[in-house]
Structure formats: C-alpha cells, structure tokens
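Asker: Residues per chain, in single letters:
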Amino acid sequence: MTQLPDGRYLDDAPFDAQASLQQLERRDLDAPNWVLIWRQFKTHKLGLISGIFLLFSYLMLPFAGFIAPYTPNERHPDHLYSPPQSVNWYHEGEFIGPFIYPMTSEANLETFQWEFVPDTDNPAALEFFCEGKEYRLAGLIPTDTHLFCAPGDATIFLWGSDRLGRDVFSRILYGAQLSLTVGIIGITVSFLLGISFGSIAGYFGGRIDWCINRVIEILRSLPELPLWLALSAAVPSNWGPVAVFFIISVILGILDWPGLARSVRAKFLSLREEDYVRAAEMMGAKPGRVIRKHMLPNFMSHLIASATLSIPAMILGETALSFLGLGLRAPAVSWGVMLNDAQNLASIEIYPWTAIPMLPIIIVVLAFNFLGDGLRDSLDPYQH
Amino acid sequence: MRPLLSVDNLSIGFGTGTPVVSNVSFEVQPGETLALVGESGSGKTVTCRSVLRILPRAARIRSGTIRLNGSNGSKELTSLSERQMRNVRGNAISMIFQEPMHSLSPLHRIGNQISEVLWLHGRMREPAARKIVLECFERVGFPDPERAYDSYPFELSGGMRQRAMIAMAMVAKPDLLIADEPTTALDVTTQAQVLGLMKELQRDTGMAMILVTHDLGVVANMAEQVVVMHKGRVMEAGPAEPLLRSPAHAYTQQLFDAAPAIPAHPQLAPELPQDDLILQMKSVSKTYSMRAGKSWQPETKIHACRGIDFSLQRGKTLAIVGESGSGKTTAARIALGAELPDEGGEVLFRATPQSNPIAVHQMSRAARTAFQREAQMVFQDPYSSLSPRMRILDALCEPLEIHGIGSKSDRRDRAEKMLKLVGLGPDMLLRYPHAFSGGQRQRLSIARSLMLDPSLIVCDEPTSALDVSVQEQILRLLEEIQERENLSYLFISHDLAVVARIADEVAVMRAGLVVEQAPPDTLFYNPKHPYTKALIAAQPEPDIDRPIDLKLVASGAGSPSSWPEDFRFSDSMIPSLVQVEPGHKVRCHV
Chain A
413 MTQLPDGRYL DDAPFDAQAS LQQLERRDLD APNWVLIWRQ FKTHKLGLIS
463 GIFLLFSYLM LPFAGFIAPY TPNERHPDHL YSPPQSVNWY HEGEFIGPFI
513 YPMTSEANLE TFQWEFVPDT DNPAALEFFC EGKEYRLAGL IPTDTHLFCA
563 PGDATIFLWG SDRLGRDVFS RILYGAQLSL TVGIIGITVS FLLGISFGSI
613 AGYFGGRIDW CINRVIEILR SLPELPLWLA LSAAVPSNWG PVAVFFIISV
663 ILGILDWPGL ARSVRAKFLS LREEDYVRAA EMMGAKPGRV IRKHMLPNFM
713 SHLIASATLS IPAMILGETA LSFLGLGLRA PAVSWGVMLN DAQNLASIEI
763 YPWTAIPMLP IIIVVLAFNF LGDGLRDSLD PYQH
Chain B
254 MRPLLSVDNL SIGFGTGTPV VSNVSFEVQP GETLALVGES GSGKTVTCRS
304 VLRILPRAAR IRSGTIRLNG SNGSKELTSL SERQMRNVRG NAISMIFQEP
354 MHSLSPLHRI GNQISEVLWL HGRMREPAAR KIVLECFERV GFPDPERAYD
404 SYPFELSGGM RQRAMIAMAM VAKPDLLIAD EPTTALDVTT QAQVLGLMKE
454 LQRDTGMAMI LVTHDLGVVA NMAEQVVVMH KGRVMEAGPA EPLLRSPAHA
504 YTQQLFDAAP AIPAHPQLAP ELPQDDLILQ MKSVSKTYSM RAGKSWQPET
554 KIHACRGIDF SLQRGKTLAI VGESGSGKTT AARIALGAEL PDEGGEVLFR
604 ATPQSNPIAV HQMSRAARTA FQREAQMVFQ DPYSSLSPRM RILDALCEPL
654 EIHGIGSKSD RRDRAEKMLK LVGLGPDMLL RYPHAFSGGQ RQRLSIARSL
704 MLDPSLIVCD EPTSALDVSV QEQILRLLEE IQERENLSYL FISHDLAVVA
754 RIADEVAVMR AGLVVEQAPP DTLFYNPKHP YTKALIAAQP EPDIDRPIDL
804 KLVASGAGSP SSWPEDFRFS DSMIPSLVQV EPGHKVRCHV
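Which chain is which? The protein sequence lines are A and B, in order.
Just so we're aligned, residue 413 is where the first sequence starts under our numbering, counting upward by one.
Just so we're aligned, residue 254 is where the second sequence starts under our numbering, counting upward by one.
The hints are simulated quantities; they were obtained by calculation from the structure and are not laboratory data.
Check the hints yourself; a few may be wrong.
Said to hold, decoys possible - Some chain B residues close to chain A (C-beta under 8 Å, calculated; not the full set):
#1 M254
#2 N262
#3 G266
#4 R486
#5 V487
#6 A493
#7 L497
#8 H502
#9 Y504
#10 G597
#11 E627
#12 E651
#13 F689
C-beta: ideal position from N, C-alpha, C; glycine also.
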C-alpha cells in the first residue's frame, strides 16, 4: 500500500489490465454434466451407500439360486416352522470353522406344537460349493452347485422355515428377483407414457395440453387400491406366474405415469423459456429436435431422480397386492407372496420369523429413497 | 473524528480455498457515503455482508476486525454473539438488497413487513408503529401512504418496491445503511429517482451509507469516499473527487475508460440514406388480449407495440431504447418472425440489395428456413443461452447441422474460424459452457450467431448482464465484426449511453410507441421529447461535474399523461410522429 499526498491509498501489486481472455474462469465446471453430478453425489454419504447397496442387490439377482442353499419350493416335511439356526465358529471353546448344530424336531403332545432341539454334541461343518437341488443360473444355465449347504441330513435355515418347511432365507433371495424387478418394469412403462404425454402437453400446449391434463386429473382422482384390485382381479386365473407378474408391473406403471407426466410438463414449461431453447427454435430447429437435443438431456437427470423416488411405491404396491392375494400367486415367489403367509396373527405370534420378508422391503424402500434424495440434491451442479 | 465503522485488515474465505476478500480496510465517517466499487467476483458484496455477518454458510471471516462506534457505544462486530448481533441488524445497521422483487415477502402487506422492524426492536405497538411507518412512506415518496401500507408487494412496481425497501431500512433510524446495488435492477429513470431519494434522506437524517455498485456513474453522483476492489483486494481507496478526476491505479483507469458515456459535445448528424434497406417494418402493431380477472368482464387489450415504422440500412445499426415493458423486445421478435404482427403490419427483409424482399409476416415454411439463415439473434443472458450439456463445438455446429450445411470437418473448421473471430482460442472447442466467464460466453453466443453467415443480427440487450469493462469489450467486438462482415444490427437496449457508441439511428420507445427517432448525435444534441430528455438526464456519468438533473428526470419519466401538453397521449388520442429536422422524428402535436 502506498499513500498519495491527497490521502488516497494504492495497491502496489502489479496489475495486468489485459487479464487473459483465453483463461477459463471455472476450470472445475469444465466437464460433462454427469461428471459434475457424480462429484456432487459422492459427498452425499447416505445416498452413496444406498446406491452401492442397491447396485449390489441387483447384481446379485441372477445369482440368487447360487447363494441360496435351497430352491424356493423345496419342502422339508420334518422341519415345519423351524426357528432360525445360527452359524457358529467355536465348539466347546475350540475353533472348527463355520458349522451348525443339526436340529431335531419332536412333537409336543400337550401343546400340539413341533419343538426343535439343537443337537449340541454333533457339530455339522458347513460345506461350500456343494451339490444340491438343480436350478437355473440367471434363468438360463442349469446347475446344481450352491454356495453353501448343510452336510447330510442336517438342515440350514438361517431365517427359519415356513409352514411347508421351506427355507425363508432362500425364498427371500428368490423373491427379490420378482419384487425388485417389478419396480424397474413398472417404472419403464410409466416413464415411456409419462415422458411422451408430458412432453407433448408441455411443448405444444393449447388444446392437447388441456386434454392430457384432464386425463391426468381423472386418473389421479380414481381411488388407487380398489382400482388395483379391480385390474388384478381381471387377470385370468389360469395365466402362468410370469404372465401375471408382467401384467402386474404394467398395471402399476399405467397407474403411476400421471405424476411423472405432470413433472415432465412443468419442467418443459420452464425449460421452454430458457434462451438456448429459444435460440435453437430461431435457428430453425424442428420441435422433435428441440425436444431431443435440448430439453430431454437437460432434464433427464431430474427424471431419473424422480423415477428413483417412485420405484419404492411400485415395490410397495406389488407387496400390497400380493399380500392381499391379488398380485402374484404361488408358485411364484415374491416378498408380498411370502408375507401372505404371515397374514395370520397367531402364526406371527408363535413363529415371528415368518414376518422377516418385511425387513428387505423396508431396507430396499429406504435405500431407494436415500438414493433419490442424494440424486435430487446433486442435480444442479452449477450453483456453487 | 471517530469513524462510525472501521473495517481493518479483513480477510474472508470459502472453506479452505484462496480468500475471496483479503486485507481489506476502510473507514466510514458519520453522515458520509462510502462506495465499494468493483465487478462481479471482486468481493464487494461479501465484504458488505460481513459487516452484518450474513455471509453464505461456507464463508468464514479469517482475520480482521469490524468495529462499530454507534449511538449505543462501541462494538466489535466479529466477536458479538448471535443474540447481540440481532440487536445490531435493522437497528444500528440496516441493509437494502439488489432485487426488490425477491426481498419482500409476497404474503404480507407492505406496511406490516415494515412495522415488523419496529416491533422486533421492542420500541412500540402497532398503532404507534403504523403512524411512524406512514410518515416514513410519505418521506420516501409514496403518493398515497395509507394505500401503500395495505398493499401487497406484487401490486407495486419495481421502483416502488425499492422505495418500500428503503422505508424498511430507514424506519428504525439506523446509524449506517448498507445498500447492495440498490438500483441495478431498475430502469435508468427510476434509478435516478431512487438515488436522489437516498441522497436526500441521508442529508436529512445524517446517517452514513455504504453503497455497493459496479457503476462509476453512480459513485460520482453519490459518494464522498471510494474503495475500488478487484479480485478481493483493494486497488485504490480515497476521497471520491481526486479519485474520479485522475484515477491513479491502472484498474480504476480501466473502469473509468469502460464506463459508457453520452458524448459531451454532440453535433447535429446528417440524415441517414434510405436506398438499400435490409429490414423494413411498416405500421407494425402487436396487441395481446388478456383474460379479465372476472369472467363477465370483457378481455383487456394490451398494446405491446403500436404503429412502428422502422427501416434499417444495410451495414448499419438501428437501436431501440426503452424501459422494461416499452415493447422493444416485442418489436425485435416481430422483426425476426418469431411473432406475427397484427393485421396490416408488414415486415420486409432483403438478404441482398438485388433480391426480392421476403415478407417476414407471412412466410411459408421454405421462406422461413431461408430467412433463418440470414437473420440471427444474440440473447441477453449469456448464462442461459448455451445449453449446459453441449460442448462448445456442438453448440457452434448446431445451426449448420439444422440446415444440413457442410460435412463434419467443414463445420468444425468454420467453428474454429468463428471462435478466432470473437477472440477465443481453438482449444476452447471441447470445453463446456459453464467453465467460461460471462464475457466469454457472450462471445461464444456471438460466434454461434455468425455460424450461418447471416446478414442481420438482432442483439437483445447483449451487454446488460455483463460488467462494464466486459461490456466495453463486447461492444468493440460487435463493431469490429460489423465492419468486417458488413452486418446489420438491430440493437435492443435500455441504456442510451451504450447505444450512443454503436448505433447509427436510435428509436426511443415508451408504452409501445416510438416517441423520438434520430441518429444518436442528433438525439443528444437536440433532444425534443421530455422522455428522451429524462433518459439523457438520468444517465449517471462518471464525471463528478455532471450530476443527475433530477428535475428533468421527474418531468419526463412520469406517465404519458403528465407530459407537457404538446407531447401528451392517451389510449384514445395518440399524436403522430412528426419530422422536425431531416432524419429526426418526434411524436408530438404540432
């Protein structure tokens, strides 16, 4: 600092009046949008963990049969309502690796209940990559190798067995295959409908917009649960489980699109006012090009976030329908179908492990919500 | 004399990054105005907000002291508790923000929002507060204080809202008022009136003021002390008069040179030739009908523009100047064919002197495509005119792609050439728009408009979102390109001084009508219309000897019905545009 005679202060540091025009002001923002979103998303720990968990869950789906010790409809008539068995490492203070105590069942003639007693004298070491019932890996390759199973006549029910002596743990893994994909298929249907109707309404406006909006309002005003019931009751009962599953996902998607179409329309209306959209129109771009090249890329990330937030609703919808016995039906396995068995209050009281399929539902729905939340927070990476 | 506020060696930083404000010191004497001058990113707003400790959450005061010697003793503001700080805010120091649209709550009546200051600081109950607020309203120039007290913010214009903000800041009689770009969002004439009001209030109450601004013209009219900031450092600080008369620092000099000015000694300009017109608009009007609030009332008609006759000579620039809502943007959109004029209006465009004119108001699809190659637009906001998802290369090549011109490598070559023309390097092609500064983006947007080799460019306030020094560079660039490519510009602006250097002819618009039209020199030499006179008078000049003439502003800036008899107009009776000199037309009754 120098002081001039008239009381002025001047900065001494050299000053370049022609600060280079070639310099980038925000080098950190010079990246494609998804890189910036990822950079921001990484800081959202809860969302990141949820994302990794969900990724892991979906990657596991094709290998569910390999991880599960039993196939979903394999019955153990001697082990009805067997309680969960724990995997132990130490037998009488000695390390012998992962093993279980075989269960023996006895009928209690006073209460008419099966009572299970672990045989603590004969530890049965778990076998790995062992042979079991045959299943198809990823639905294609027939194989009979399982990750782990109990030796000989011993059983391994990590989360207990149900009323027919089927392993709950294995059934949860198999159930995930349907319960998790129902959301994806449903959201695809609702995405296609929502984006096309929403963008038509938002871009063209006028009479089309009016019609689409009224349809949305009518669909939104229908009570959801009875409508589901009616639609799924219309599914012929002689259809196979896969066809029923598919039609249920589509029904869920068809009822979900109005919400998405509304947010697409709102986003379109606000994007239309952006100068780059107006610029493209003035250059002579046709509506299709404006929508594809300028508008969709700029709100795709918003759509993905809102889709992530509506998948849980689909999963819960499937669960609710199947729980009521109107969705998927046995022999298909889904979490809702499993919970259908837990409808009886008395059985939950005596065999609480039959309600365990609630846990994966809660965890997956929470994970989707955290993930969607994290995505939504990182959507606008340009603000800072 | 003990200073009212002394900021000493203040440094502020975000997170662990380099400080955004470093070693800033200044003092404010009681009753004096200190101007913090700088461009965006210079740290001036962060500095003034640190005084009230309302910094963004990630920002930390790293060092320095802020001492307030107010009417209730001396306080060190950086070490006060939040509770004590609340007592200072609004009471000893109050603040006016830049955006009058966003700084009032839309759900509460104006009067209640302002009385809240008095309730909060525990001085009085509602009836007493109401009386004081009404007095204050009268003081800041509300014509009907009672009505203003009971109205909601959306019922008031921008200028009136800013007056309400001033009332809110003044009502508790603070020792110090911090005004953060209080007039940047306002029209020139409103700006002049609000600045005049602030100065008057300051004289009456004897409070001190910190005025944050980027405009040296405002400084010359308002401040006694000036602090010039650049990139978080003080470049030059001291009394306003010597600083503005002979800037000592290179940066101050640069700001000074860049400030747009109305020529001091204008001369009568010759009439423009009218032999090779690229664009002609003949009696163009545009009426929007708005549904009334109640279904049994008839629709109200809004005249966005009325009876516009423009002709633009090839290679020249026609500027349309007016406040927001004057219809200048509508006129430009009609010229580009983006909107159709009312029945009877005609827009003719000649791509080359020999070619047949295209009737822009009734184009077929093929004619529209041909027209779009010849006429392009540069937008106001450089931050929204480039899609954030597209690399610069894709954005520049897009117009060629739409019209199916050239191969991929041809397009790339052309993009590189245009980038060079606007002064950017070819390595910028693969970057994303958000990496660039506002000025660079406006260059990119100009480059994109040049890609199709057009003959007419419509510039919609291309510099009003930019800093003064950048504005100067962009104007120079536009002039260079015009000379080289023989382009014609239709230039929209709210700022007469900006237009003064670039335009060959200026049309001043008000309420959808052209009130005066002439070459700029003629307009400055011999302005006839009271509104033009007000616009010229309201222009803040960085020259300390030319203060704003508020009387002249007030007489022309009011509604058209308050103008002198000769110029007055209403919906039913509109005087016609009369030629008073060759090439100089004024709307008046002869």
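Asker: Decide, hint by hint, whether the structure agrees.
Answerer: Verification of the hints:
1. Using the Cβ-Cβ criterion of 8 Å, the hint placing B:M254 at the interface with chain A is not satisfied: the shortest such distance is roughly 14 Å.
2. Because the smallest distance between the Cβ of B:N262 and any Cβ of chain A comes to about 11 Å, over 8 Å, the interface hint for this residue is violated.
3. Among the interface hints, the one on B:G266 is violated; its C-beta lies about 15 Å from the nearest C-beta in chain A, farther than the 8 Å criterion.
4. Evaluation of the B:R486 hint against chain A yields a held restraint, the C-beta minimum of about 6 Å falling below 8 Å.
5. With a least beta-carbon distance of about 6 Å to chain A, the hint placing B:V487 at the interface is held under the 8 Å criterion.
6. Hint on B:A493 is violated. Least Cβ distance to chain A is approximately 10 Å, over the 8 Å limit.
7. Checking B:L497 against chain A: minimum C-beta separation of about 11 Å lies over 8 Å; hint violated.
8. Interface hint at B:H502: satisfied, since its Cβ lies 6 Å from the closest Cβ of chain A, which is below the 8 Å cut-off.
9. With its C-beta approaching chain A no nearer than about 5 Å, B:Y504 sits inside the 8 Å limit, and its interface hint holds.
10. At a threshold of 8 Å, the smallest CB-CB gap from B:G597 to chain A is about 25 Å, leaving the interface hint violated.
11. Taking 8 Å as the C-beta contact cut-off toward chain A, the hint placing B:E627 at the interface is violated, the least distance being around 11 Å.
12. About 7 Å separates the beta-carbon of B:E651 from the nearest beta-carbon of chain A, less than 8 Å, and the hint is met.
13. With 8 Å as the threshold, the beta carbon of B:F689 comes within range of chain A, its nearest partner Cβ sitting at about 6 Å, so the hint holds.
Violated hints, in rising order: 1, 2, 3, 6, 7, 10 and 11; the structure is consistent with all others.
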